[in-house]
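Undergrad: Chains as they are written, first to last, in the numbering used here: chain W, 1 to 296; chain P, 1 to 296.
These are computed hints drawn from the structure, not numbers from a lab. Warning: the hint list may mix true and false statements.
Looking from chain W toward chain P, a few residues come up when the C-beta cut is under 7 Å (computed) [claimed, not checked]:
| id | residue |
| --- | --- |
| 1 | H83 |
| 2 | A88 |
| 3 | D91 |
| 4 | S126 |
| 5 | V156 |
Backbone N, C-alpha and C fix where the C-beta goes; we use that ideal spot for every residue, glycine too.
2 protein chains.
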Amino acid sequence: MDLKQYLKERQAMVDRALESYLPAADVMPATLHKAMRYSVFAGGKRVRPVLVLAACEAAGGEPQRALPAACALEMIHTYSLIHDDLPAMDDDDFRRGRPTNHKVFGEAVAVLAGDALLTEAFVLLSRPDAHGDLSAEASRRIIHIIGRCAGSLGMVGGQTVDMESEGKQVDLPTLEYIHTHKTGALILAAIQAGALAGGADEAAFGALSRYGEAAGLAFQVADDILDVVGNQEELGKDVGSDQARGKATYPALLGLAEARVRASELRDLALDALEPLGEKAEPLRRIADYIIDRSS
Amino acid sequence: MDLKQYLKERQAMVDRALESYLPAADVMPATLHKAMRYSVFAGGKRVRPVLVLAACEAAGGEPQRALPAACALEMIHTYSLIHDDLPAMDDDDFRRGRPTNHKVFGEAVAVLAGDALLTEAFVLLSRPDAHGDLSAEASRRIIHIIGRCAGSLGMVGGQTVDMESEGKQVDLPTLEYIHTHKTGALILAAIQAGALAGGADEAAFGALSRYGEAAGLAFQVADDILDVVGNQEELGKDVGSDQARGKATYPALLGLAEARVRASELRDLALDALEPLGEKAEPLRRIADYIIDRSS
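All chains should be modelled from the sequences, with the hints used to inform the complete structure.
TA: In structure tokens, the structure reads:
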């Protein structure tokens with residue numbers, strides 16, 4: 001398979017779905033909907049939604065069935081970026097080369113646009129037709145998993161500890177807590193939601209969950225490495241920005257070489273987990289490779 | 001029935017449930033869970049959750065069945081207060097006589113605590129045991145209704161327009177938009193979620209929805225009136241604070257006497273809607289009376 005082509009097609013599918021799910025920019029209150037759309041359509045690579053669709057395929061389902069879960073995760077990811085960029089948080093003026101939401105719409109609207117995107121994710125997941133002929137129990141599980149992974153015991157918890165750790169010397173367990181929660185939880189949710197949307201049985205759900213845990217952490221280790229060695233275009237933020245603000249990273253804690261070993265080990269773990277799923281899991285395998293390769 | 005006694009019992013039931021649903025204050029990240037609990041247990045009157053339980057009873061259900069929906073709405077209400085109080089929004093230092101969340105925990109944690117409470121509402125609503133033996137379809141509708149009423153077409157939309165209107169001359173349609181969305185939507189969601197949790201048929205659901213729409217607006221008109229004539233203890237915020245910041249209110253737009261007529265008309269609408277439901281709806285009737293009486 002041609003991964004570039006695959007990613008491009010899946011990203012386009014997600015973009016079309018997001019376009020149809022989000023209220024139009026002229027629906028009242030127009031400022032709010034414009035602000036929501038500004039950040040959702042800001043050139044994101046759609047990593048999480050593509051993982052949802054690929055996990056759905058790996059479980060034997062048509063990717064279209066997983067579009068609501070895919071778009072819900074992108075809305076949650078986008079809200080977290082809008083709030084993280086606020087002056088009270090990371091105070092970032094640019095993201096992916098464009099002014100951040102609060103620089104364009106003001107802080108108050110940025111807070112509200114984030115709130116509305118988070119809420120809209122659950123509105124979408126609970127639509128009558130959200131999951132086609134999926135059992136009501138599987139639909140409920142998708143909502144519950146996404147909520148848990150996004151909340152105080154997941155992404156928001158990771159963001160809190162990350163913030164509290166800024167400028168402090170953190171140990172490896174704390175760094176792993178931050179990464180498994182701040183980034184890893186939503187990637188695991190993507191994989192698990194996709195698996196359920198695809199009709200995975202418990203064995204396939206377990207295998208895909210192991211993949212999701214390893215890939216989620218690998219993604220963050222690779223991101224940390226890219227912050228040191230990458231170029232701004234690939235990273236979408238300033239190179240060395242984590243270092244500059246004294247953020248704990250894998251290269252800072254383990255050294256660059258050891259961080260690369262860790263990333264490679266996590267890739268192997270992710271690939272091993274997919275063993276029982278055969279050919280259907282090929283996109284997920286290629287994505288795991290891609291995550292690591294871009295940082296090596 | 002003794003309304004005071006009824007409200008006290010229901011508030012205690014909600015407090016116990018919230019205590020059991022929210023992560024404990026020592027669960028990592030402790031700062032975040034402390035901040036969430038600080039605002040949830042800040043002496044709120046539990047208006048929305050009590051309405052959920054009363055609507056459940058009016059539909060013929062045991063109030064216990066509606067506790068997850070009741071607590072989810074209180075979490076959403078609480079998150080909206082935390083974010084509204086932020087410096088970038090209303091910039092309030094006190095609420096209900098206590099320092100606001102960001103004054104105690106800092107702005108960043110306040111943003112995150114709000115985000116986490118909003119997310120936790122949906123985690124709670126999608127628990128496997130959330131709605132007892134309720135049909136999966138009714139559970140899904142509860143999640144969808146609460147999400148829609150809380151999002152960009154509901155509460156967050158109302159808050160956006162309210163903020164944009166500050167210091168401006170607004171007309172009655174805009175004022176009604178603000179109130180039906182900012183406050184009314186969540187009260188309607190409370191009534192509708194309670195109705196579904198109580199097993200309401202479509203006729204009862206329709207009757208309760210009409211009650212919820214009228215009561216939601218009545219609540220806001222009464223609140224506007226209280227801002228002019230009330231005492232700080234009853235109001236939980238500074239008397240005249242809306243006026244001071246140039247907020248649009250019913251008394252400002254219609255005059256105090258006409259605002260009182262409007263509140264009374266809305267009460268009559270609410271009571272008429274309950275006609276078909278008989279004795280079971282008595283708590284909802286008494287609550288509608290109470291809302292208006294405290295402002296007259």
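Undergrad: Please go over all the hints and tell whether each is borne out by the structure.
TA: Consistency of the hints with the structure:
Checking H83/W against chain P by beta carbon gives a least distance of about 6 Å; that is within 7 Å, so the hint holds. Restraint check, A88/W versus chain P: the minimum CB separation of about 4 Å is within 7 Å; hint holds. Among the interface hints, the one on D91/W is violated; its C-beta lies about 10 Å from the nearest C-beta in chain P, farther than the 7 Å criterion. At about 4 Å, the closest approach between the beta carbon of S126/W and any beta carbon in chain P falls short of 7 Å, and the interface hint on this residue holds.
Hint on V156/W holds. Least Cβ distance to chain P is approximately 4 Å, under the 7 Å limit.
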